[in-house]
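Asks: Please build the complete structure, drawing on both the sequences and the hints.
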Amino acid sequence: MLVELGEFVNETKCFKFWSKKTPNREKVLEEYADCITMALVFFNFFDLKIEDAYSHIESKNVCDIINHLFTLSTFLMK
Numbered sequence: 001m002l003v004e005l006g007e008f009v010n011e012t013k014c015f016k017f018w019s020k021k022t023p024n025r026e027k028v029l030e031e032y033a034d035c036i037t038m039a040l041v042f043f044n045f046f047d048l049k050i051e052d053a054y055s056h057i058e059s060k061n062v063c064d065i066i067n068h069l070f071t072l073s074t075f076l077m078k
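Under the numbering used here, think of the first position of the sequence shown as 1, with each following residue one higher.
No wet-lab data here; the hints were simulated from the structure.
Just so it is clear, the structure is predicted and the values come from calculations on it, not from any experiment.
All C-beta atoms in this analysis are idealised placements derived from N, C-alpha and C, irrespective of residue type, glycine included.
Check before you lean on any hint, since a few could be wrong.
[Unchecked claim] Mimicking SDA-like on lysine to any residue, the simulated pairs with C-alpha atoms at most 25 Å apart in a straight line are:
1) K16 to L2
2) K49 to L2
3) K49 to K27
4) K60 to F15
5) K20 to L5
6) K21 to I66
7) K21 to K49
8) K78 to D34
9) K27 to C14
10) K16 to L40
11) K78 to K16
[Said to hold, decoys possible] Computed beta-carbon distance windows for the label pairs:
12) T71 to E26: 14 to 20 Å
13) T71 to Y32: 17 to 23 Å
14) T74 to K20: 27 to 33 Å
Replies: Following this line, the structure appears as structure tokens:
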């Protein structure tokens, strides 16, 4: 999950403030789909309900949201 999330974040280029490259929409969507698929695999494997694992973050800052996702994924890993 962490690898897929990292690949998604890398494709969005949201944290690469120094880069002039714009994200490739198709690649971003592909990585997003990989993240959703991996999350669903874990939900199935651990017999979890999506409603039980819901976690909300108030921030609209993309980096805050990404950090929250990494935190949740790390928790799942442990």
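Asks: A separate judgement is required for each hint: does it hold in the structure or not?
Replies: Comparing the hints with the structure gives:
1. About 19 Å separates the Cα atoms of K16 and L2, which keeps this hinted pair within 25 Å; it holds.
2. Between the alpha carbons of K49 and L2 the distance comes to roughly 20 Å, so the proposed pair stays at or under 25 Å and holds.
3. A hinted pair counts as satisfied when its Cα atoms are at most 25 Å apart, and K49 with K27 does not qualify at roughly 29 Å.
4. For the suggested pair K60 and F15, the alpha carbons sit about 14 Å apart, so the restraint of at most 25 Å is met.
5. Between K20 and L5 the CA atoms are separated by roughly 22 Å; this keeps the pair inside 25 Å, and the hint holds.
6. For the proposed pair K21 and I66, the alpha carbon gap of about 20 Å is at most 25 Å, so the pair holds.
7. Distance restraint check for K21 and K49: the Cα-Cα separation of roughly 38 Å exceeds the 25 Å cut-off, and the hinted pair is therefore not satisfied.
8. Only pairs whose Cα atoms come within 25 Å are accepted, and K78 paired with D34 is accepted, the gap being roughly 21 Å.
9. A C-alpha spacing of about 14 Å is found between K27 and C14, which places the hinted pair at or below 25 Å, so the restraint holds.
10. Under the criterion of a C-alpha separation no larger than 25 Å, the hint pairing K16 with L40 is inconsistent with the structure, at around 28 Å.
11. Restraint check for K78 and K16: not satisfied, since their Cα atoms lie roughly 29 Å apart, outside the 25 Å limit.
12. The hint said 14 to 20 Å for the Cβ distance between T71 and E26, and at roughly 28 Å that hint is violated.
13. A beta carbon spacing of about 19 Å between T71 and Y32 agrees with the range 17 to 23 Å that was offered as a hint.
14. Between T74 and K20 the beta carbons are some 31 Å apart, a value that agrees with the proposed interval 27 to 33 Å.
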